[in-house]
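Once you've looked at the hints, dock chain B against the given chain A.
Line by line, the protein sequences are chains A and B. Everything in the first sequence is counted per the numbering used here, starting at 1 for the first residue and increasing by one. Everything in the second sequence is counted per the numbering used here, starting at 1 for the first residue and increasing by one.
Keep in mind that a hint or two might mislead.
Derived BS3-like pairs (lysine-lysine); straight-line CA-CA distance at most 30 Å [to be verified]: (1) A/K156 to B/K135; (2) A/K476 to B/K365; (3) B/K304 to A/K518; (4) B/K366 to A/K476; (5) B/K366 to A/K518; (6) A/K60 to A/K2; (7) A/K518 to B/K308; (8) A/K476 to B/K339; (9) B/K369 to A/K476; (10) B/K336 to A/K476; (11) A/K518 to B/K332; (12) B/K365 to A/K563; (13) A/K518 to B/K336.
Negatives, chain B to chain A, calculated, CB over 12 Å [unchecked claim]: (14) S29; (15) P55; (16) R67; (17) K91; (18) G95; (19) P121; (20) P160; (21) R184; (22) K304.
Quick caveat, the hints were computed from the structure, so don't treat them as lab data. All values reported here derive from a predicted model rather than from experimental measurement. Here a beta-carbon is modelled for each residue, glycine too, at the ideal position from N, C-alpha and C.
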Amino acid sequence: MKIRIPVIIKDPEVAEYKDLPFWEEFTVEEDAFLDGPISRRIAILDFDESGRLSSGTPFKPPIDANSFGRYAYPSQDLHDQQSFSDWDFVRAAVFGGVYKALSMFEESDTLGRKVRWAFPGPQLLVIPRAGEWANAFYERDSRSLQLFYFSGNGKKTYTCHSQDIIGHETAHAIIDGIAPDLYDSITPESLAIHEALADVTTVLLAFRSRKLVMRVLELTNGNIDNSNAFTRVAEQFASAISQGRHDFLRNLKNDLSMMDTDVDRTEPHSLSRVLSGALYSVVAKLHEELKEEKDKKELKSKFITASEENRFQRDDTPSLPTYSWGKALFLASERLKRMIMRGLDYLPPGDATFADFGRAMLAADAASHPESSSQRDWMAEQFEKRKIISSQKSIEPNLDIDSKPLAGLDLNDLLESDWVAYQFVDKNRKWLGLPSRIPFEIRPRLRVKKRYYHREGNVEDVEELIMKIVWTESEKMSSGPGLPSLRRLRRGVSLAIDFNTKRVRALLCTRPPEEQAKSRDEFIRQLAQNDILRIGDAARGPDGNILRACVSADVMENVLRVKNTARMLHIIGGYENGR
Amino acid sequence: MADEIRVRVYNVRFGDAILISIPDSDSSSTVVRHVLIDVGNVLNKEGGVDTVFKPVFEDILQEIGNRGLDLYVMTHEHLDHVQGPYYADQKIYNGKLKEKLRLQYLWITASADPKYYNTHPKAKRKEFYEANRDKLFSYLDTLQTDLASEFKGILLNNDPRSTEQCIDFIRKLVPDDRRFYVYRGVDLSQKHPFHEAKFEIWAPEEDTSAYYSKSMVPMALSRGSADLQGGSEVELTPEPPPGVDMGAFYDLLSMREAGVWDNLLAIDKAANNSSIVFSIEWHGHRLLFPGDAEKKSWNMMDTKQLIKPVEFLKVSHHGSQNGLPDVQILDKFLPKPVKGKQAAISTWVNTYPGIPNEPTNTELKKRTKLWSTLDNKDKLYKDFYIR
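Chain B on its own, in the form it takes in the complex:
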């Protein structure tokens, strides 16, 4: 495969796992180098079945062979992008995955640096979970709806208690001097082994608080908020005073509490927007891997004039409406018509509110030959060739 790049998109249900194999030549030889982007899926429902990881890792290890993996990119801190390696190490390879992968270089999104929140206090999403995790889980347990289950998935996906050991395992796949916390503008020289392929990071911004929405609702909206903030015990369900309609009163309390879910989604979005978005240029071809970047990140990339036409796109955020930028931006990297362009969506049904999203697929089909993991649910992977 000296004259082509192969992108292998694994079917891990609701999550990402992508292996890119790129011929790389220097003055003396040509080798095929491998970049692995994220391996993970969610924790809940059938979109989060873990048995998918065994055949995926078996295939990855077979593909990388004795040379090992050249670069691993952990795009962001969501479980559906980080769970796989730790699971495989513990459940499949008895603590030997690191030896088998023989990883050379590791890129991790800047905000996953353990020291990040000391230097960027404004991007303090972890505090939300620490303050609310147990309360939110116990509330969701009382609801028996599909939506409650999907929200539980979002909560787990963002929960540092779930993700931290997975991320920590990934961090330790390489020695300290081969691990890089990256963001737009970081110098990539000496951070990968490629001679021919050029990497460019389009996002995230180094300060991820830029992605926090104005729509963050204060915690004081949540009834019983005082006990969450270290105050005294508060009666969670007060009685309506005489003269106040009981139904209206309890509706009001419920609405005050609803701000918690807005915050959860806002934080979920901010984490998505902290995704490493990077392009690979090789022999005149350009491929784009945006993780789960949402509209705010796309807008930022556009403002920084980073967006260029690409031939292959890993569709962002599992094909959600928010993962697709505005048409003016889309035109810059996926102009119509389809002509030679390919795109892949890694997704699953009934896992995340609003995904899959048919209008998103329709728009992408006007611009690319689109494939989704849902098109061949039983296949382990789909290969895309860029030549």
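Isolated chain A, as found in the complex:
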């Protein structure tokens, strides 16, 4: 069943001052929809400000097989600020916003599958009015997105009115489903990957709003390489907590490097700006290149393929140059999206670094476009320029991986049988990069079909098997008194195999550099110093459940094992932590 659902374009404040429509419509397809809105995968649970659970926005099923279902809200015909006073509308728009993010990840040319959540069960709960607090977060333990509201500057600001925040928090939930180890990581760069990708997701979602794209390109004369409505995250929220001064949480347009004094290498939000800045720079460069090609009307150049281009339908409003810039931006953002999300799919489990993520992105791109390396080169240049890596060679993909260990192996058996999988890994430890004799865990194997738009113009669907193996090593720790002298560090390997040819598309292993041990020491030291790290029973409430505002840990044989560090990203200390 298909429905048309509203999605907020940015937030009411940006819509007002940029003279944009407040919302647009989006199509969602699922088996069934219920009042709420509720589907099998997403449920909006709206507790009003007195704590009552609202009855939900009523669903109107489609009248026939060719029409769309809709959610009914009294302000149906309004397209202004008043819509945001209609909670039936807001609930529907939050639902739409979550689905917009989810759909982007799940497209056939991205992950090519339905996202599986990191928590048990198929349904993400979304709470649009979670309480009074300048905060919003994804919380794995409660399987939910919690969007709060707060008062300031003479008005009440609802984080659920911001598509940036909805998209950002949904992205955390999706990323957690794809790379769950990042959530428990003790390496600041791993948590920064979570944060940077959530920020970049908000930008990619903004690029998908035709009305916003056309307006911004008009205002910037086609140049996205400047601070603008795309790169400024959560403007309404940030302005409200800044007593009305126009502000934003983070700006993805930056030239920060790991060596900048402004970048705290032990603080995930601070670090995330380096990675998101690198990713944004690549999309800006791609856009410039594609614009240039467009300007030369070389529509079938090495950069643009007709099959990709056909996905961007022209509408009737914009002028030709703006339309052309918009088309180039759509294509650029799609390329970056694929590179990032497939990179995340290939990311080895465990405490991954920016370099590990860079390696995974490049490997994913090389597996699909071995002959066309320009986008990879730009990404590697950004990583080197920002001192994430010392040389581009260190993240260069290996295009010629030995496939001999797969000889005689039935990939269906590897996919379905844990026994076969464990035997295969144990037998091929050296090839995979696993230390000998160390116990390991194999994550559920995935068989996925992804669509590739080749730069020569053809479209290819590739089926691949993705397998991830994780193990832990103990690492010396020096994080202060009262803490053990060792900690558990997760490491991992990811393996991607072409299901039909058995060619190894990628074989990647986390490579934790020595110097990051110091960042981990400092990260844990600060958690302890700020009373955030709680060990053993000190992390539990009276019902035995882990407390909410802490990072929990346990100690076994003088080894510290830390969990839930991703709570640091928003749950602990509020959303403004991200500043």
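Showing chain B alone in chain A's frame:
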């Protein structure tokens, strides 16, 4: 004992009671003056057995003799630091404790001034208890776990209804002009009778809201919060709407409520951090008594550059991991190796989450000769001599 200070650490189970006896000379004579720091223990479980107070007060009264007590320091408003005097007065001395103690000077942490919350509205922890006390107690009563019992202890330890009469009794041990609400920076001249010993207050800050954590979770997280805030009746356990997994729904409600416990712990920490932390310097020796100060207070003391090496430490917060500062700070007042330094922990088992904490003890043993009340559970006290 003209050439030594004696620190007597009483075993009051989970609580503090410390008597310091210091020779003090002026131009004409030498007397031994006595400082009593906190007498109390928690209310729950075996860590809160009240019968311990009788032998403790008998010993204190014998030690102070006819001269009486020179200075009483009430470090902070937790029951495990304030319960003893009121209990002893009511249950042991039939309302005569004040006469027996003959207290000269009283120091109380600044935030225990009855007028404090009028002038410092940001430090409004009492509101939390007023709003939630009954609900939290009734919820804890439904749980039959050790952790629930420990949380009940924390709640009681912080509950103004439990502590207020104890603190009020302490306030009245001296006339108004001998009672001082103290904090870092307060002028201590004329606030104690000592001629030789020098006192320095390292903490708390006058505005204790500085110790509130960013991790305070809003009350709106708690389901049914509206009725706590004076709103209309709210159904506490709504049914999940059709299409929503029942288990996930009730887990969500439970998680929303869990913020209450985070707040309780945050307030507990803030109260610990409001502890009077003071040093005594005498004949070149320095002793440190930090009450239950936790990391935030230690960090603040370090920022203010107050920390100096000491020979004796009353270990903060009953030996918890949070009571010990970071190693860089620890190095400033307890540098390695042990050499002539002593430390004492007053604690009990199964009373407070995470206490005792073995890594804390291990770290302290690298720097001091460490003793804990758990080392000699049956002894009334342990004496430490600094000479």
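Checking against the hints above, which ones are violated? No hint contradicted; all consistent.
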